[in-house]
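S.K.: Going down the list, the sequences are from chains A and Z. Under full-length UniProt numbering, think of the first position of the first sequence as 1, with each following residue one higher. Under full-length UniProt numbering, think of the first position of the second sequence as 1, with each following residue one higher.
Please note that a few of the clues may not be correct.
Copies of the same chain look alike in the list, so a pair counts if it works inside one copy or between any two.
SDA-like cross-link-like pairs, simulated, lysine to any residue; straight-line CA separation at most 20 Å [to be verified]: (1) LYS387 x LEU399; (2) LYS387 x ARG142; (3) LYS387 x VAL398; (4) LYS387 x ASP297; (5) LYS387 x PRO306; (6) LYS387 x VAL316; (7) LYS387 x THR157; (8) LYS387 x HIS61.
Don't read these hints as lab results, they were simulated from the structure.
Protein chains: 2
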Amino acid sequence: MSEREPLDADLLPSGAPVDELPDAEVMDSEDRLRPGFVGRVLDAVHDGDGETARALVEPLHPADVADLIELARADEREGLVAALAELVDADVLAELNEHVREILISEMAPERVAEIAGELDTDDAVAIIEDLEEDEQRAVLRAMEPDDRAAIEEALTYGEETAGRLMQRDLIAVPAHWNVGQVIDYLRSEAELANDFWEVFVVSPSHHPVGTCKLSTILRSPRATRVAAIMVEEQTLIPVDMDQEDVALRFQKYALVSAAVVDASGRLVGMITVDDIVHIIQQEAGEDVLLLSGAGDGDINEPLAPTIRRRLTWLVINLGTATLAASVVGFFQSEIAAFALLAVLMPIVSGMGGNAGTQTLAVTVRALATNQLTSSNTLRMFGREFKIALANGLCLGVLIGSGVALLFGNTTLGMVIGAAMVINNLVAGTVGILVPVTLERLRIDPAVSSSVFVTTATDVMGFFSFLGLAAAVGLAG
Amino acid sequence: MSEREPLDADLLPSGAPVDELPDAEVMDSEDRLRPGFVGRVLDAVHDGDGETARALVEPLHPADVADLIELARADEREGLVAALAELVDADVLAELNEHVREILISEMAPERVAEIAGELDTDDAVAIIEDLEEDEQRAVLRAMEPDDRAAIEEALTYGEETAGRLMQRDLIAVPAHWNVGQVIDYLRSEAELANDFWEVFVVSPSHHPVGTCKLSTILRSPRATRVAAIMVEEQTLIPVDMDQEDVALRFQKYALVSAAVVDASGRLVGMITVDDIVHIIQQEAGEDVLLLSGAGDGDINEPLAPTIRRRLTWLVINLGTATLAASVVGFFQSEIAAFALLAVLMPIVSGMGGNAGTQTLAVTVRALATNQLTSSNTLRMFGREFKIALANGLCLGVLIGSGVALLFGNTTLGMVIGAAMVINNLVAGTVGILVPVTLERLRIDPAVSSSVFVTTATDVMGFFSFLGLAAAVGLAG
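For reference, chain A alone in the conformation it holds in the complex:
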C-alpha cells in the first residue's frame, strides 16, 4: 500500500527486509489484491516454483492470503494451498469465506483441523467446526485438547447465530475489592491469558458482572485505586442466547468495544469484542438487498447448484404471481383487441407502481432493520409515505397523462392513464410499508418475503386500474 510508511530500519527489532512488505504492486488503494500480483503467485504455483509463491505471499496479512485463495479459480486452489503450505495457517482459515474453507477443510485430516482449531479463539474455532458434517465434527473434537474441546462443545450447545457462538471464554474478570496494582500484577503474572481484550470485567463473588473498567482507565489510575472506584457500573450485558443481529445492533447503538455475555442466571460466561461484530454488522446490513431480490445470501463463492436452486425457487414463486397479474389483463382481451394502444401503455402503469413500491419497501425494510421504525412511529410513517405517494403520483400522472393526450391526440386516454398512475402510486406507497410492517409483526423477516407481495399488488392494480378505467369510460369502443 502506498500509504504504508517505510519503517526506520534501525527501529526494527527484527530484520525483515522492507521490500517484502505489500506495496502498490500488490494491492490497490482499496486493499484489493492486484490481478498482476495474483497472476504472479498462481503462475509460480503452476510452474512448480513453490518457493517464489511463498516469498510473494509471506509478507501478506492473513486476511489478504485468504483473499488470494478466494480469488484463485476453484481448480487452482488445491495446488495454491499445497504450495503455500504453512502460510495457510489457522488465522488464514479463520478469515476465509466459509464455502471455500469448507472445501479446504474437507481435504484435511481431522487431526490437522483439530490442531488449527486449537490455535484459534473459541469463536473462530466454532465458526470452522460448526459447518462440518456431524461425523467429521465428532472426529475433529475427539482429536482436540480436552480444554479446547469442552469450550467448543459448550459453544455448540447454543443456537446458531447467537451470542453463545460468537463469544470468547478467555476474558479478564476481577473482584471489585482489588486495587489497580493487583489487577496489573495479575495481568503480568498470567502468561496464559488472551491478549485481545480492551476492558476488564468486574464480578461479584458469585461471578455476576458488576462493572467494567476500560484498560485506559486502569493504566491511568494510581496502583492504590480500588477497582470499585473507577469501574463503570452501567453495563450492556449480552444474554448468551441473543440473536447475533441484535448483538450487532446493540454494539452499534451503544458504541461498545467489548461486552460481557451472561447466562440465564446472570453469571458472566464470555465476552464479545467489536472485531467479531463488524463483519456481522456489515453482513446483516448488506443482506437486505440480496434477500429482497431473492438471491439468498448472494455469496459468490457458494457452489453453483444450491445457488441455482435458491434463485430458481424465488423466480418460480414470482412466475406464479406474474401469471396472476397477467390473468387480470386476460379479462380485458376484447378491449385490447379493439384498441391495441392499451397494451402498449399498460406496462408503464404497472412498472412505475413497481418502482415506487420498491422505494417505499427499501426505506421501510431498512428503517425496521435499524430499529428506526418502531411501533411508536409506524402510523406517522404511514402518513409520510402516503403523502410522498400522493405527491409523486400526481406529478407522474400529470406528466404521462398530458404526454399521452398530446402524442395520441386522445384526452380521455390521457386522463385514464393519469388517473391510473395516481391510483397505482397510492397502492405502491401503502403496500410498500404495510407488507414489511405486517411481516415484522408476524416475526417473518420482511426482507425475505416483502417484494413478491408488493410487486404483485402494483402489477395487478396497475393493469386493473388502467384497463378497468379504459373499459369503464368506453375507450375500447
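Assemble chain Z onto chain A, guided by the hints.
M.R.: Using the frame of chain A, we list chain Z on its own:
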C-alpha cells in the same frame, strides 16, 4: 432491559436507586423504547410536568434519549427538548439523527452550540458543525475555545466523508525508546488526555508512526520492557484523505480497533477508533438497497420536500425508460390487435427478466462493495452468472412454455414464450453483471445507477423477444 443484572447495592460507589434503571417496561429485548414508555414521557411533557419527564428519561443512555426525541412527532420535539433541559446534552446531540439535530441546533444560540461542540471529541463536534449554514458555522466557531476551534477548522479543511473528518486528534503517541514504565507514568500524569483509546502509537522523532502497542500488551509487560520490543510494526495506516467507505472496509478486513491517520508526508495527525466506524459500516452496507431503488439515503427523518424531490427524480427517469420499453410494444400493435393473448402474456416475460436481473444485480453490487469481486475474478463471475441464467431460463422457459401450450392448446405459442423466457433470462444475467461492473470501472457508484439500465434492458428485450418471435412465426395471423 430484562438482561440487565440488578447491581449489588453495596458495591456501588454512588447511590442511584436501582429501580430507575431501564427495564423491560422501558425497552423491548431489541433495545427499542416501548411505545408505552414514549407515551408516558410525552404525556408528562404535554401536562407541563417536566419533573416526571426528566425522572423517566434520566436513567437512559444518551443513545436512547436520542431515540426518544426521534420517535416524538416533529411538533412535539421542541416541547420535549425544553422539558428535558440539561438531559439533552452534548452526547445526546452526537447520537441524534442529523435531520432532527439540524432543526434542534438551528433553534440554539451559537454560544450554546459552541459549548456543546467543545464537550465532544473532534469527530463528533465536526459532525454537528459541518451541517450548519456557513454564517451559523462562523458564529459557532467564533464562540469556541481557540484550541477546539483550531481542531475543528482543520478537520473542516478535509473533504466530506474522508478520514480527516472522522479522526480524533487526541491520541497517545510515545517514542520507541521509552519503556513501559515511562508510558504508564506519562498516562497517569497527563490529566488532560482522552480516555477513549485502545492502543498507543509509537512514533519516530519526526512524528512518523513506527508501530502500535495494544493497551493489553502494555499492561502485561514489566515496567522495564522497551516499547520497541513489544510494539507491532505491521500497521494499517489511514491516509487523511481516504474515503470513509474505504476506511470502514479496512477496519473490517483487518479487524482493527483503532488506526493511525497520517498526512501526505506520512506524519501521524490523528486516530480513528472502531466505535466511530461501526455506524459507517452499517450505513454503507445498508445503503445499496436504498440506492438501487432510487430512495436516496432513505432517512425517515429527512424533511418531506427533499425526499419527494429525490424519489420523483428517479421515478421520472424510470418513466422515460418505461416509455422506451413501451414503444417496443408499439411496433407490434397489429399483431396484438389480431391476437390479444400476446398482450396478456408479454408482461410475464419482461417481469421475469426483471426479477432475474435484479438477483444478479444485487449479488454483483454487494460483491463489488465488499471487494469480493475484483478485476481478478470478474470473468469467472460472468461465467458463473451465465450458467445460472441459462439453468434458470431453461427451467422457467419449459415451465411457462408447457403451461401456455397446454392451457391455450397452442404449441407454437408455448414454444415462443419459452424461447423468449430463455433469451430474456440470459439478457438479465449478462446485463445484471455487465452494468454494475462497467459503472464501477468508470468510477460511478453502481448502486446508484445500475437498476434503471438493467430493467430497461429486460423490459425491452422481454417485449422484443416475445412479440418479435411471435410475429416471426406468424402467430399473429
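S.K.: My question is about LYS387 and HIS61: at a cut-off of 20 Å on alpha-carbon distance, are they close within one copy, between copies, both, or neither?
M.R.: neither (52 Å within a copy, 34 Å between copies)
S.K.: Please sort LYS387 with LEU399 into within, between, both or neither, judging by C-alpha distance up to 20 Å.
M.R.: within (18 Å within a copy, 41 Å between copies)
S.K.: Give the relationship of LYS387 and ASP297 under a CA distance limit of 20 Å: within one copy only, between copies only, both, or neither.
M.R.: between (34 Å within a copy, 18 Å between copies)
S.K.: When no copy is named, should LYS387 and THR157 be tagged within, between, both, or neither for a Cα gap of at most 20 Å?
M.R.: neither (49 Å within a copy, 39 Å between copies)
S.K.: As a check of your reading, is LYS387 near VAL316 (CA-CA no more than 20 Å) within one copy, between copies, both or neither?
M.R.: between (34 Å within a copy, 18 Å between copies)
S.K.: Under a CA distance limit of 20 Å, which applies to LYS387 and VAL398: within one copy, between copies, both, or neither?
M.R.: This pair counts as within: shortest intra-copy Cα distance 17 Å, inter-copy 44 Å.
S.K.: Up to 20 Å between alpha-carbons, please classify LYS387 paired with PRO306: within, between, both or neither.
M.R.: between (42 Å within a copy, 13 Å between copies)
S.K.: At 20 Å max between alpha carbons, let me know whether LYS387 reaches ARG142 within a copy, between copies, both or neither.
M.R.: neither (63 Å within a copy, 41 Å between copies)
In summary, the structure is inconsistent with hints 2, 7 and 8 from the numbered list given earlier, while agreeing with the others.
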